[in-house]
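Chains A and B supply the protein sequences, listed in that same order. In terms of the working numbering, the first sequence is residues 69 to 532. In terms of the working numbering, the second sequence is residues 16 to 137.
Simulated restraints, written as ranges between beta carbons of each label pair: (1) B:Pro71 <-> A:Arg345: 25 to 35 Å; (2) B:Asn30 <-> A:Ala301: 33 to 43 Å; (3) B:Glu27 <-> A:Gly393: 41 to 51 Å; (4) B:Phe87 <-> A:Glu288: 51 to 61 Å; (5) A:Arg345 <-> B:Met16: 22 to 32 Å; (6) B:Met107 <-> A:Glu503: 39 to 49 Å; (7) B:Arg60 <-> A:Ile313: 33 to 43 Å; (8) B:Tyr85 <-> A:Lys467: 48 to 58 Å; (9) B:Met73 <-> A:Lys467: 36 to 46 Å; (10) A:Glu288 <-> B:Asn30: 52 to 62 Å; (11) B:Gln57 <-> A:Arg345: 36 to 46 Å; (12) B:Glu34 <-> A:Gly393: 48 to 58 Å; (13) A:Ala370 <-> B:Glu108: 17 to 27 Å.
Since the hints were derived computationally from the structure, they do not count as laboratory data. C-beta: ideal position from N, C-alpha, C; glycine also.
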Amino acid sequence: MTRKNSTRKKKATTDIHVSGSPPRRHSPRDSAKNVEFLVKISNIFAKSLDIRALLEEVIDQIFYFMRRIDRGAILLLDKDTGELKEVVSKTRTSDHATPAIDWNRAVAHSVVKEGNPVVLSHRSHEDHSSSMNDVEFDDILSAMCVPLRYKGEIQGVIYVDSIALPSGIRKDDLQLLTGLSDTAAVAIQNARLYEALKEELDERRRAEEALRKANRDLEETRDMLVQSEKFAAIGRLSAAVAHEILNPVNIISMRVQLLEALEEIPESIRKPLLVCRSMLNRIVSITENLGRSSRTSEKHWAISNMNETIEKVVDLIAPQLKVDGIRTNVELHAGLPPIPMDRERIEQVIFNLISNATAAMTGRQNKVLKITSRLNPQGSVRIAVSDTGAGIDPCDIDKVFDPFFTTKGPGEGTGLGLFISYSIVQEHAGRIWAENNESGGASFYIDLPIEREPRIDDEITPKT
Amino acid sequence: MGRILVVDDEIEACNALEEFLSLKGHEVYTALDGPTALTKVQEVRPDIVLLDMIMPGMEGTEVLKKIKEYDFETSVVMVTVVAEQNKAKKTMELGAFDYITKPVDLNYLENVLMVKLLGTSD
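Throw the hints in and build the complete structure from the sequences for me.
Structure (structure tokens):
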């Protein structure tokens, strides 16, 4: 390295040695070639904003236009550490960017430090006339290094050298490379800005996506809260209404029983009394279900096996399924962890879902009931009950869990099964929903959390 | 037959039960609220009290406790619309003999009463 700045500029130029013939003026053909080179490079720069691809292409073009050059590297200055880092390096013989060529560090650093191009020729290292006498030249016959300068600031260097081919580098090669370096510096700066911008955009996009997701989650949670509040209110109301209805029903029922107990009543009265009794039973079953749906009955929390719970219900209902001509397909995930639940109530939910599925397939040709269990990655257990029935009218899909919603005929269903199921799943801090299958029929899904703190209000019963 | 006190805030419920139980040969008294019921318990010393659980003023459970404090031997059968195991269990712990749910099945009621009356009057 030079020690004195004053000699530096001079040294740099004296370092330039054109081997063979003495320096000559460029022929018109050479100029045209140079222009073509620069235009080509400019085009690459204009097009490419991927910094690495851009720089590789620059080296390729250098190889194409400078026959004696067989290796090239572009080194960029790390602004934080002040170190030169090789971004790309290539040799003429390999198609791909080779990892790290042994570019002459002394030359590159001198260029960065002094800001002037440096050329090493074959002869210059023979006679040791250059300032590079402390540099190991090895078998590098000729090397050329130019600064990449943007707005006066050095960004890095382009380094090229020739190992395989003898003879030095021509003066116009240096001019060409210097000309190129100015455009390259701008392009590199652009690419860097673009990368920073892209990074910022990506970050913004990620932030927006995260925000959107948070928003969606929030909406979902709010919907669930509204829904669960609604159902809790309905539950409380139901219990109160059930009580208010059952008292007069009790009186009517006792009166009917007293009338029925009379010995001398005519047939024309006995029959209507029977009708009254059966209608009273209907009212009672509705109000009992309503009362059950409210959080008044006792709960038995225990860590239980979901698959066993499902199997128990399926076993119980299997004879009826057989009679109804329903093919049952039960696929249970073997590795389900036991979960906290009120087993009896979960059995009731599964029973309700299976009953509904069965009813939905009445009169259908193909009757397949599918029950599956699986482990969700988010730490919950999912149960699905699918049928091959008519499916749910899309208008009704949000209403199926509402109390008294039923598509069954009068007297066939109270419209409380799914409402009760919903309430029970809510008590388990779970989720229940319905979807129509693509292949026809409907599916009901339940997600129950694997871990759950028991509610403190489990034992508390509301006052009426 | 037995001496039975019917306690229900619904007068028609009292009437129907009174009619039925009288037909079955029991001696029937009625009360429409807890305090009246407690007075009647002291006055008529019933064998069995049919006690509604949910009443305005004094709740059935409270009346049950008071009856038991006064005379533990008086049998109490709770009558409730709340078909709840746990609430019913609690009344049993407090000394209720049995509980039946509304709407009352009169034949079942008669069976419960007979079990108690035959078990104690002998």
